[in-house]
Amino acid sequence: MAEPADLLFGLLDRGDIVFVDAWHKGTASAAVAAGAGGIATAGLISVLVLLTVKGWWRPLWQDWLTSLDHKKIGIMYIFLALVMFARALAEALVMRSQQAAAVGDPGFLSGEHFGQLFSTHGSIMIFFMAMPFLTGLINYVMPIQIGARDMSFPFMNAVSLALTAAGAALVMTSLVIGKFSTGGWSGYPPFTGIDFSPGPGVDYWIWAITLSSIGSTLTGINFAVTIYKERAPGMHLMRMPLFCWTALCTSILMVFSMTPLTLATLMLWLDRHFGFHFFTVDSGGNMMNYANLFWLFGHPEVYILILPAFGVWSEVISTYSGKALYGYRSMVYATMCIAVLSFTVWLHHFFTMGQSAQLNAVFGIATMAIGIPTGVKVYDWLLTMWGGRIRFTAPMLFATGFLVSFVFGGMTGVMLANPTVDFAVHNSLFLVAHFHNMLIPGLLFGMIAGMQFWFPLAFGFRLEERWGIIAFALFFAGFYMAFMPLYAMGLMGAARRSSMWLDPAFASWVAIALAGALMIAGGFVSLIVQIARSIRRRAALAVPAGDPWDGRSLEWALPAPTPEWNFPVQPEISSRDAFLEAKRADDAYQMPEEFEDIEMPRHTGAPAVIGVALFLSSFGIVWQMWWLAFAGALATLAAWIAHSFRRETGRTIPAAEVERAHCAWLETVRHTTPVPRERESTPANRGLAEEAAT
Amino acid sequence: MLHPAGEVAARQKAHLSEIFLWMMIVILPLFLALPFIIWRYRIGGGGRYTARWNFSWPLEIVLWGVPLAVVCVLGWNLWHETAKMDPYAPVGTGDVLRIDAIAYDWKWLFLYREADVASADRLVLPVGRPVELRLTSATALQAFSVPRLGGQIYAMPGMASRFNLRAEATGRFEGLNTQYNGAHFARQRFVAEAMTPAAFEDWIAATGEAPPLDAEALVGLSEPGVLEAPLAFGTVPGDPFQETVTRLMAGKPLPGDG
Amino acid sequence: MSEKKVLHPGLNLHATDPGRHSQAETTVFGFWIFLMADLVLFALLLATYGSMSAHGVADGPGPDELFELKMPLIQTLVLLASSFTIGMAMLHVKYSSDLQGLSLWLAATALLGLVFLVLEARDFHRFAVTEDAPPQRSGFLSIYFLLTGTHWLHVACGLVWMALLAVQTRAWGLASQVKLRLMRLGLYWHMLDVVWVAIFTFVYLFGVIS
Numbered sequence: 001m002a003e004p005a006d007l008l009f010g011l012l013d014r015g016d017i018v019f020v021d022a023w024h025k026g027t028a029s030a031a032v033a034a035g036a037g038g039i040a041t042a043g044l045i046s047v048l049v050l051l052t053v054k055g056w057w058r059p060l061w062q063d064w065l066t067s068l069d070h071k072k073i074g075i076m077y078i079f080l081a082l083v084m085f086a087r088a089l090a091e092a093l094v095m096r097s098q099q100a101a102a103v104g105d106p107g108f109l110s111g112e113h114f115g116q117l118f119s120t121h122g123s124i125m126i127f128f129m130a131m132p133f134l135t136g137l138i139n140y141v142m143p144i145q146i147g148a149r150d151m152s153f154p155f156m157n158a159v160s161l162a163l164t165a166a167g168a169a170l171v172m173t174s175l176v177i178g179k180f181s182t183g184g185w186s187g188y189p190p191f192t193g194i195d196f197s198p199g200p201g202v203d204y205w206i207w208a209i210t211l212s213s214i215g216s217t218l219t220g221i222n223f224a225v226t227i228y229k230e231r232a233p234g235m236h237l238m239r240m241p242l243f244c245w246t247a248l249c250t251s252i253l254m255v256f257s258m259t260p261l262t263l264a265t266l267m268l269w270l271d272r273h274f275g276f277h278f279f280t281v282d283s284g285g286n287m288m289n290y291a292n293l294f295w296l297f298g299h300p301e302v303y304i305l306i307l308p309a310f311g312v313w314s315e316v317i318s319t320y321s322g323k324a325l326y327g328y329r330s331m332v333y334a335t336m337c338i339a340v341l342s343f344t345v346w347l348h349h350f351f352t353m354g355q356s357a358q359l360n361a362v363f364g365i366a367t368m369a370i371g372i373p374t375g376v377k378v379y380d381w382l383l384t385m386w387g388g389r390i391r392f393t394a395p396m397l398f399a400t401g402f403l404v405s406f407v408f409g410g411m412t413g414v415m416l417a418n419p420t421v422d423f424a425v426h427n428s429l430f431l432v433a434h435f436h437n438m439l440i441p442g443l444l445f446g447m448i449a450g451m452q453f454w455f456p457l458a459f460g461f462r463l464e465e466r467w468g469i470i471a472f473a474l475f476f477a478g479f480y481m482a483f484m485p486l487y488a489m490g491l492m493g494a495a496r497r498s499s500m501w502l503d504p505a506f507a508s509w510v511a512i513a514l515a516g517a518l519m520i521a522g523g524f525v526s527l528i529v530q531i532a533r534s535i536r537r538r539a540a541l542a543v544p545a546g547d548p549w550d551g552r553s554l555e556w557a558l559p560a561p562t563p564e565w566n567f568p569v570q571p572e573i574s575s576r577d578a579f580l581e582a583k584r585a586d587d588a589y590q591m592p593e594e595f596e597d598i599e600m601p602r603h604t605g606a607p608a609v610i611g612v613a614l615f616l617s618s619f620g621i622v623w624q625m626w627w628l629a630f631a632g633a634l635a636t637l638a639a640w641i642a643h644s645f646r647r648e649t650g651r652t653i654p655a656a657e658v659e660r661a662h663c664a665w666l667e668t669v670r671h672t673t674p675v676p677r678e679r680e681s682t683p684a685n686r687g688l689a690e691e692a693a694t
Numbered sequence: 001m002l003h004p005a006g007e008v009a010a011r012q013k014a015h016l017s018e019i020f021l022w023m024m025i026v027i028l029p030l031f032l033a034l035p036f037i038i039w040r041y042r043i044g045g046g047g048r049y050t051a052r053w054n055f056s057w058p059l060e061i062v063l064w065g066v067p068l069a070v071v072c073v074l075g076w077n078l079w080h081e082t083a084k085m086d087p088y089a090p091v092g093t094g095d096v097l098r099i100d101a102i103a104y105d106w107k108w109l110f111l112y113r114e115a116d117v118a119s120a121d122r123l124v125l126p127v128g129r130p131v132e133l134r135l136t137s138a139t140a141l142q143a144f145s146v147p148r149l150g151g152q153i154y155a156m157p158g159m160a161s162r163f164n165l166r167a168e169a170t171g172r173f174e175g176l177n178t179q180y181n182g183a184h185f186a187r188q189r190f191v192a193e194a195m196t197p198a199a200f201e202d203w204i205a206a207t208g209e210a211p212p213l214d215a216e217a218l219v220g221l222s223e224p225g226v227l228e229a230p231l232a233f234g235t236v237p238g239d240p241f242q243e244t245v246t247r248l249m250a251g252k253p254l255p256g257d258g
Numbered sequence: 001m002s003e004k005k006v007l008h009p010g011l012n013l014h015a016t017d018p019g020r021h022s023q024a025e026t027t028v029f030g031f032w033i034f035l036m037a038d039l040v041l042f043a044l045l046l047a048t049y050g051s052m053s054a055h056g057v058a059d060g061p062g063p064d065e066l067f068e069l070k071m072p073l074i075q076t077l078v079l080l081a082s083s084f085t086i087g088m089a090m091l092h093v094k095y096s097s098d099l100q101g102l103s104l105w106l107a108a109t110a111l112l113g114l115v116f117l118v119l120e121a122r123d124f125h126r127f128a129v130t131e132d133a134p135p136q137r138s139g140f141l142s143i144y145f146l147l148t149g150t151h152w153l154h155v156a157c158g159l160v161w162m163a164l165l166a167v168q169t170r171a172w173g174l175a176s177q178v179k180l181r182l183m184r185l186g187l188y189w190h191m192l193d194v195v196w197v198a199i200f201t202f203v204y205l206f207g208v209i210s
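Residue numbers (the numbering used here), protein chains in the order written: chain A, 1 to 694; chain B, 1 to 258; chain C, 1 to 210.
Do not take every clue at face value.
[As the list claims (entries may be wrong)] Okay, derived cross-link-like pairs now, EDC-like style, lysine to aspartate or glutamate, Cα gap no bigger than 20 angstroms in a straight line:
id: 1; chain 1: B; residue 1: Lys-252; chain 2: A; residue 2: Asp-282
id: 2; chain 1: B; residue 1: Lys-252; chain 2: C; residue 2: Asp-98
id: 3; chain 1: B; residue 1: Lys-252; chain 2: B; residue 2: Glu-223
Derived from the structure by calculation, the hints contain no laboratory data.
No experiment lies behind these values; they were computed from the predicted model shown.
Isolated chain A, as found in the complex:
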């Protein structure tokens, strides 16, 4: 055991600061780390300066950080996701560069630094990019799609965001103070036990994902209850947009699958610091229990990641094809099958751990079975396009890229589902290529397409097409260049998480992969350029009437940006694709007979305080600054209790205000020229759709 920690600073030492460490070590690897820490610090300082100079502190606090509005929370989640995406993408570039430089050569990164990189890359992409992104999209869109005013539990919604942000802050802190785990995103003991990973790195990982996973559990509860209980009258489950169905299944997966992760990491923490024996080699510990617990979480997790993207594809493809989604019922059943089956396949992540052949085979067959409903969905999307009038906007291009690429990844998945093949390529680059093949064209493209599709709702103007198409081209080509070589290398026997290569045959492959990674980074930059340019041109891109794409579901039946209360009066639904049917029946854009006062949740600073307090508390736990850990936990409790003593948690928006806003919008609609779909991407599109010629 190490010496007892200092009372004030715990295990913290000046040498833990990355700049000091680089100064002492003077290696290229340490310089890279210091550079990364420097960028993060400079970034944070720039943001603080910007906020101060522009006087944005007050609106940030009053309009955003204290808001319980699902729309604002959704936007903040996506913002967090994009920031963390930038970091994890940079890490991927550094890793690719190292591997390209390190054929028969140690390269410029130490093996230990490389270990941190793949661990943060994976952990960030999953917990702090993908989960927030999908949570943000569902948060914004789902309540409006079901005709509700907000989530069932707005306060808990904000707390979930605060937890996720606290976890992200912890991971960012590890860039500057101390080191991160080198155990990968899966963190297997005994390597992550105290003997092989004695520093604070694994603890950073444990507490960051614990915060995130608790946030996701609460989010899952919120989403599920909202869909079950807040639907507008007439919005039967079988009339909901597919995006809501995938949100429902995702939320059920969240509720059930996050807990095994929290338990596994808690047990690991107890093993590490309190001498417990859950996963130790001696005294009755069993490391295989970790693999079972982790993957009991881990497999449903990847379906949590992909189902919302599937939901996006259903919306995007049907809208931009101008057609009803093919096989709605099949899609719903397929989604449910996928959700249920996702709990039955976890063992395929460790076929090589020495189980019997029969047990392996059972799980292998179950794994292949999931391919059936997934394949049905892919073909249903294809058939949605059949007989349509397809416009190739940026989201639709991403959809096409997805359809082509995802099935290839599905095929390699079926290959990996066979234990015999898996024995050959487990833990190789073939595996890495497979899951990136599912996540990039599936999840990432879906999130980007969703963001571009629904952007007008959040901000009142479209994103410009040109840079969206450039982004697509770079992401698509970059993905193939970066990951096809990995399939080849995996079949040639290359292991994953390798900081250098001894086989010169890999040289050209890694060079191509690096070029691909640079293209992907270019794609991300293009997205930022797209957003920046669109903000500058927002007057020309504005779509105040609210329906730029001739949308089918309720979120398009409102002004853009969506008003705080969503619907002026609760809609009554009588069919699927409710808004489209109303438009075709000339029944859209009506004036309600009567307006009522609307009660909305009041703003509160408690979630923000909880987020900061939990960040400080978990920082204290990681560095064994117990006073900080307790203080943070107490502050969290105090904020929560203080909030519970608030009697008036709502505020009323008077009917007159709602009526005024609605009338103003209908006036705008009356003065807007409807555009045919051919002019959808031109400035003539002010958000009103001309009926398509049938």
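Assemble chains B and C onto chain A, guided by the hints.
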């Protein structure tokens, strides 16, 4: 895996190709249909616009039925292939050569029980004879893999796992650990050499002249580091494999630790 | 706004607070789902216990050596009694606005809960110190302490929650918010009782019998 030199790897490659072909049934229609649909049904293209068409029973039957049938076939294959290629079952008939393997940070030690010799970072095998490895790790979780001979299995501290293989051709093949275990993971390599049975016997005899695998040698192996060149040991006193398993289970440090 | 059917009959908010009455359904339903997630936690702990009580004993004491039935039985009866008392408290919430009756029954529940915590803590101390069976001794002991310790912490949090609600009841009377919170506390408390029955069965009863 693409250039198998062992029975297991050859079977794996064949199985992979088989899966690929069956999956084409499911994938090819998409690759063919998508460009057609994009062209025909783009706005301004020639396709007939059927805004409300969204279901067809015959299509449903095909869409659910074909993948189901393919998965049934693949599942049947999977069951049989998995049973046949169980790493715990001997490959082929004949006198099984038993070798113990201990995974260290960052090297491998192979102990030839009957011949009473040992070799670090070099696994020498006779062609055509079934080999059974018994594996454990002296450190954290590791995985033994020789891609060209086929398959891999985890080596776990405090436990013994088994792996069966058989070389079909002579040659030198790369062996590695595929489970990340620290800073020098990327350099943890061993060479698997398959020789004719006669050459194998010669090698055993020659290795018998090497220094013994005594306590000092074991301490040296336990020290974290990469071997610059394979080492050979002429005799193996005691049972280092069992010792490693037992000591770790009892929570006692191995010689050279601490 | 359309008239919603009376969906949650247990709280009698309709007459005075119709908005919160229809919201009650959602609030309590959400809490049930939270309880489900909590039950998943206990289920996993019990499953791990099942595996490690068989294979993780190493050279420490096993369940048959360590456990006896008297103290766990007393703890079970105490918890069951506390479920009864909190049930009585909830009846007061539903049928009368009798604050004093509610306070009495709630206090009885808290007392019984405290007794449970003290008895269990003494057990922990006895195992860890006197019998040299701390969690650090074996995998089996680690999971035993984590399983029962997690339950202990849940009960403790329940008591803190109870104290808070006592304060809020005093401050606000039987306001709708308070009624909804008491309802959820009651559900939470009953769930902990069910979990304890499972622990008693699978840990102590099975341990002594085996």
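What hints, given by number in increasing order, does this structure fail? 2
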